[in-house]
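One letter stands for each residue in the lines below.
Protein chains: 2
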Amino acid sequence: MDNLQEIIARIQPPDPALGEQAQAHLDNLTKPPGSLGRLEELARRLCVIRGSLELTQPRPAVAVFAADHGVALSGVSPFPREVTAQMVLNFLAGGAGINAIARQVGASVWVVDVGVDHDFEAVEGLVQAKVARGTADLSREPAMTHEQAEEAILVGARVAGELIAQGHDLLIPGEMGIGNTTPSAALAAAFTGRPPAQVTGRGTGLDDEGLERKIALIDKALALHRPDPSDPLGTLAKLGGLEIAAICGYCLAAAAQRVPVILDGLISTAGGLVASRLCPAAREYFLAGHASVEVGQAAMLEAMELKPILYLDLRLGEGTGAALAVAVVRAAVAIYNEMATFDSAGVSNKEA
Amino acid sequence: MDNLQEIIARIQPPDPALGEQAQAHLDNLTKPPGSLGRLEELARRLCVIRGSLELTQPRPAVAVFAADHGVALSGVSPFPREVTAQMVLNFLAGGAGINAIARQVGASVWVVDVGVDHDFEAVEGLVQAKVARGTADLSREPAMTHEQAEEAILVGARVAGELIAQGHDLLIPGEMGIGNTTPSAALAAAFTGRPPAQVTGRGTGLDDEGLERKIALIDKALALHRPDPSDPLGTLAKLGGLEIAAICGYCLAAAAQRVPVILDGLISTAGGLVASRLCPAAREYFLAGHASVEVGQAAMLEAMELKPILYLDLRLGEGTGAALAVAVVRAAVAIYNEMATFDSAGVSNKEA
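Going line by line, the protein sequences match chains A and B. Per this note's numbering, residue 2 is the first one in the first sequence, and the count goes up by one each step. Per this note's numbering, residue 2 is the first one in the second sequence, and the count goes up by one each step.
Derived by calculation from the structure, the hints in this document are not laboratory data. Be aware that one or more of the hints could be misleading.
[Said to hold, decoys possible] Pairs of lysine-lysine residues, derived as DSBU-like cross-links and limited to a Cα-Cα distance of at most 35 Å, are as follows:
hint : chain 1 : residue 1 : chain 2 : residue 2
1    : A       : Lys351    : B       : Lys308
2    : B       : Lys221    : A       : Lys351
3    : B       : Lys351    : B       : Lys308
4    : A       : Lys308    : A       : Lys221
5    : A       : Lys351    : A       : Lys308
6    : B       : Lys308    : A       : Lys308
7    : B       : Lys351    : A       : Lys308
8    : A       : Lys221    : B       : Lys351
9    : B       : Lys221    : B       : Lys308
Based on the sequences and whatever the hints tell you, model everything.
Printed below as a string of structure tokens:
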């Protein structure tokens, strides 16, 4: 197993010159130049990421990283903590939102227990890689030790490596963890420098009072830990969570193998942001699947200079918005590969 | 063949109560209530449109209506007029943007010659229904006679009827016609009351001077014809075009059979807007596929109280953005049909 520094060392910034060559091809297709807008941008980005002017239809996979959170006992979610484990079983049975959407876009779904407070039996499709039975409560103590954070990162990296070895070439980080919008918002505040009130949302459905309590809790946690954003691993360890660390490693390992990652909502984007702070070149391999209702996500995407593909007012997580964005990526690859050129179709081009 | 009044008479406003029942089902699925945002909205709307709480995956079809425009000889497009006919052949050969995207989302593509200035040989997949060899130049005379406009509407209605008879239950209007953003912007101005400068865009790629010329031409046409928006058929006839009229009829015939229509960009939306002025209930059957770069589209969607599904900076037309939105509709149907309920999955619901 690689260690974290070895993974980071393998991440190379992609060559932007390929983007111009890809655009030259796009401009020769039977359409006004630029008229397919962000589909053209996606095709260019995929060429740059893959380091090739040849694109193939992606073989996407979603890894849903599940973990529990000490902070969930502090009233930051309207759902009880046992829902994390119950939802893991729902993912495995194929009944969750991510399952329905992944089936539609032809993506595989893996479920990874990186820290659920429950003992699962061996089930097909479940990767058992529990680092701890949930994090500690970040409002009182560090959510994880440095060792736990690094171990969870390596779980994510190993999962990415296995998915890529199986032929998947487009990775989506999904997640489940009751309470996990709290550490995600805390990470957003710590890394973007914005006050918690600007990056904290209602999660699964807090009322006004609950939202105020959540913001106060994050304020308290940041005052307690004083996380240093120039120490991404330390900041991640202090604020949590185990699934966010795993997503961070998953993103890094994908980038190291030039595999594009579609980030999902708040939690997934927090994992991607930590990865981009550990290795700035990593973000060149990320696409933003959608604009979440959770406000902290936009702040983190902005920090990574990523623009969402979809705007559908989603706030479920699990990887759902990113999985749905696969349909747009497929369309981008299809136009790049399948459209006729002006010459081949005998269509007159724009008058000079 | 029905006449226009008979089609309109069959359009019934759908029953909004079904939307509440659909939402009750959605709220019982294993996710926080409302967390799938616009996917939930789409599932609700489909239930209302179909008049049923049972949804099935759609069998979509695109009809690309092609026609020429007298105004294309007045310098409103950087592409020569013969491109309309050349692109019809490209659609039939499967090499255009709409073909690539329709294949991705599993939609059939029909091509309909409703007014191209070219004699096509009989080819599989081409519906020959030429009403005229293009419109007259709206800046000098009425683009169509009333009879031509109604005949083109009935072409579109007939195509919709045939597609529905073949089992298609989600219809997309596509179009091709060099010069056709000019009549579309003119219709947007006539029906929304906005000045042409606010609803006129660059089409396939006009420069600043070209855009000014196009706006001046539309100003002149509106001053010449003084279209009365309370006379939708007369306004359509004066401003054109034949494919816009066909799209109008296609939308009306779909609504008459409770079949949802996904509007595409500027031209497609202009056809939908004329339909909604001929029969206000028709718009209840429309979805807006995407937000076009062409500014007039947003004004017309607003007039119909429709919100785009996708925001991808597209301006190609042909039905491309609407076809891509089928992927989102499929996801909406998938979550509605395939997600487990809290009870069936044994997942604890939100605490009261």
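Hints, verified against the model:
Under the criterion of a C-alpha separation no larger than 35 Å, the hint pairing Lys351/A with Lys308/B is consistent with the structure, at around 32 Å. Straight-line distance between C-alpha atoms of Lys221/B and Lys351/A comes to about 26 Å, which keeps the hinted pair within the 35 Å bound. As the CA atoms of Lys351/B and Lys308/B are separated by approximately 30 Å, the hinted pair is consistent with the 35 Å bound. Restraint check for Lys308/A and Lys221/A: the C-alpha separation of about 31 Å stays at or below 35 Å, so the hint holds.
Simply put, Lys351/A and Lys308/A have alpha-carbon atoms about 30 Å apart, close enough for the 35 Å limit, and the pair holds. Only pairs whose Cα atoms come within 35 Å are accepted, and Lys308/B paired with Lys308/A is accepted, the gap being roughly 20 Å. Note on Lys351/B and Lys308/A: the hinted pairing holds, with a Cα-Cα distance of about 32 Å set against a maximum of 35 Å. At most 35 Å may separate the alpha-carbon atoms for a hinted pair to count; Lys221/A and Lys351/B meet this at roughly 26 Å.
Of the pairs offered as hints, the one joining Lys221/B and Lys308/B holds, with about 31 Å between alpha carbons and a cut-off of 35 Å not exceeded.
The earlier numbered hints are all upheld by this structure, with none contradicted.
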